[in-house]
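**Student:** The lines below spell out each chain.
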Amino acid sequence: MAERKPKIVGFCCERHGMDAAVLSARSGKQFDASVRLVQVPCTGRIDGIHLLKAFEDGADAVFVLGCLEKNCYYDTGSIEGRKRVEYVKQMLTEVGIEKERLEMFNAASTNAWAFPGIVSKMTEIAKKLGPIGGGERQ
Amino acid sequence: MIVAKRKPLNEIAEMVAPFRRVTVIGCRSCVAICLAGGEKEVKMLVSALKVKNKKEGRKQELEGLVVERQCEREWVKEIEEKILGSDLVLSMACSLGAQTIGDMYPDHLCFPGLNTGIFGVPEEQGVWSEKCVGCGDCIIHTTGGICPISRCAKSMLNGPCGGSANRKCEVNLDIDCAWTAIYDRLKLQNRLDLIEKVTPAKDWSTSHSGGRRTYVREDAKLTQHQKKGKEAVQ
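Sequence order for the protein chains is A and B. Take the first sequence: its position 94, counted from the start at 1, is 94 in my numbering, and no numbers get skipped. Take the second sequence: its position 75, counted from the start at 1, is 75 in my numbering, and no numbers get skipped.
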C-alpha cells in the first residue's frame with residue numbers, strides 16, 4: 001500500500017502569502033504531502049480557534065504564511081498573526097502536542113522559492129511526528 | 001471588572017479527564033472583556049481539549065456554551081438542560097459564576113476553569129491592573145481618586161512611606177508609588193492640604209475579615225407575596 005501523505009493546512013494572506021504560493025504552483029512543483037491552503041484577508045485575521053480547529057479536524061501540521069513583517073500590506077497584520085501562532089503553540093504545549101506542528105512564516109509575493117521550502121519543512125515535521133493520536137491518515 | 005486568568009491547560013485537562021460528558025460554560029461579562037472566559041476562549045479551550053483527547057485516544061463529549069452572565073441564576077437557568085445532561089460542568093466564568101452553578105445544582109459537579117484574580121481596569125490592550133480590593137469603605141475622595149489600599153503595596157492610609165524613592169515602590173521597582181501618584185493628583189486638584197491630614201486607622205470590619213459579606217437593598221427585595229406571584233408566572 002502506498003504511504004499516506006501528511007495532511008498540512010496552510011493559512012495564507014491574500015496579499016503576499018497566497019501570491020507566493022500561486023507563483024510557486026505555476027512552476028509545477030510537486031509536494032510529498034496533501035496541502036490545503038486557506039486564503040485569509042490578512043494573517044492578522046487568523047484567530048487561535050482557526051488553527052486549533054485545523055488540528056481538531058485532522059491536520060498533522062499547520063502553517064501560517066503572511067507578508068514580511070516590515071512590508072505587511074496592513075502594516076501590522078503579520079505581527080498580529082505571529083502573536084496568535086505563538087499563543088496557540090503555547091496552548092499545544094500545555095496539552096502535550098508538539099508545538100513544532102504549527103509554524104508562522106513570512107514571504108514576499110515574489111518569493112517563488114519560499115513556498116516550496118515551507119511545505120518541505122512542514123512535511124518533514126509532519127512525517128517525523130506522525131498523525132496526532134497515531135491513527136491512520138484519511 | 002473582575003479579572004481572571006485561565007488555569008494552565010494541563011491542569012484543566014487533568015480535572016476533566018475522568019468525565020465522559022463535559023460542558024464548558026463561559027460568560028459574556030467581565031471574563032469575556034479580560035479575554036479569559038468569553039465565547040472565543042471557550043471555543044479554543046474545547047478545541048484544545050479535543051486535540052488532546054484525539055492524541056490520547058480518549059472518548060469524551062465536549063461542548064462549549066456561553067451565557068450572558070453566569071453569576072445570575074436567570075441566565076444559568078436557560079442552559080439547565082445542558083448542565084443536567086453533563087457529568088461535569090467546567091466554568092469559564094469567575095468564581096462567582098462557578099459557584100452560582102454549584103449552588104443551583106448542588107448534586108452536579110462544577111469545576112473552575114479560571115483563576116479569579118482582581119478587581120481591575122484595562123490599562124492598555126491586554127493589560128489589566130488592580131485598582132480596588134473591595135474593602136467596603138471607600139476613601140478615594142480624600143486621596144485624589146486613587147485607592148491606596150489596592151495600589152500601595154503596604155495599603156498605607158498615610159503616605160508615602162520611607163521606602164518610596166524616585167516615584168517607585170521599594171517592594172518592586174517596577175511598581176509606581178501609589179502615594180506619589182496621590183500627591184501629584186492632589187496637587188493638580190489644588191487639594192494638597194489633604195496629604196497632611198492624618199487618616200486614622202481604618203475600620204476593616206467592612207472588609208473580608210468578618211467572613212462572607214452580603215449586601216441588601218431592602219426596597220429592591222421582593223415581598224413573600226411578590227415572590228409567590230413570580231413563581232406562579234414561571
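What the hints contain is simulated information worked out from the structure, not anything from laboratory work. Note that beta-carbon positions come from the ideal geometry of N, C-alpha and C, so glycine has one too. Each hint should be verified, as a subset may be incorrect.
Restricting the straight-line Cα-Cα distance to at most 30 angstroms, the calculated cross-link-like pairs of lysine-lysine (DSS-like) are [stated by the list, open to error]:
| # | chain 1 | residue 1 | chain 2 | residue 2 |
| --- | --- | --- | --- | --- |
| 1 | B | 55 | A | 89 |
| 2 | A | 53 | B | 202 |
| 3 | B | 221 | A | 127 |
| 4 | B | 43 | A | 128 |
Far from chain B, by Cβ distances over 12 angstroms, these chain A residues were calculated [what the hints assert, rightly or not]:
| # | residue |
| --- | --- |
| 5 | 18 |
| 6 | 83 |
| 7 | 132 |
Below, a sample of chain B positions facing chain A; criterion: calculated Cβ distance under 7 angstroms [said to hold, decoys possible]:
| # | residue |
| --- | --- |
| 8 | 10 |
| 9 | 47 |
| 10 | 54 |
| 11 | 83 |
**Student:** Now look at each hint and say whether the structure bears it out.
**Tutor:** Cross-check of the supplied hints:
For the given pair, residue 55/B sits about 16 angstroms from residue 89/A by alpha-carbon distance, which is consistent with the 30 angstroms threshold. Between residue 53/A and residue 202/B, the direct Cα distance comes to roughly 53 angstroms. Violation of the 30 angstroms bound is thereby established for this hinted pair. Of the pairs offered as hints, the one joining residue 221/B and residue 127/A is violated, with about 65 angstroms between alpha carbons and a cut-off of 30 angstroms exceeded. This hinted pair checks out: residue 43/B and residue 128/A have alpha carbons roughly 29 angstroms apart, not beyond 30 angstroms.
For residue 18/A, the shortest C-beta to C-beta distance to chain B comes to about 25 angstroms, beyond the 12 angstroms cut-off, and the non-interface label holds. The Cβ of residue 83/A does not lie farther than 12 angstroms from every Cβ of chain B; its closest approach is about 10 angstroms, which violates its non-interface assignment. Non-interface call for residue 132/A relative to chain B: violated, since the shortest CB-CB distance, roughly 5 angstroms, does not exceed 12 angstroms. With a cut of 7 angstroms, the hint placing residue 10/B at the interface with chain A holds, because the nearest CB-to-CB distance is about 5 angstroms.
This hint holds: residue 47/B has a C-beta 4 angstroms from the nearest C-beta of chain A, less than the 7 angstroms allowed. About 5 angstroms separates the beta-carbon of residue 54/B from the nearest beta-carbon of chain A, less than 7 angstroms, and the hint is met. Annotation: interface hint on residue 83/B violated; nearest CB of chain A at approximately 24 angstroms, more than 7 angstroms.
Checked against the numbered hints listed earlier, the structure breaks hints 2, 3, 6, 7, 11; every other hint is satisfied.
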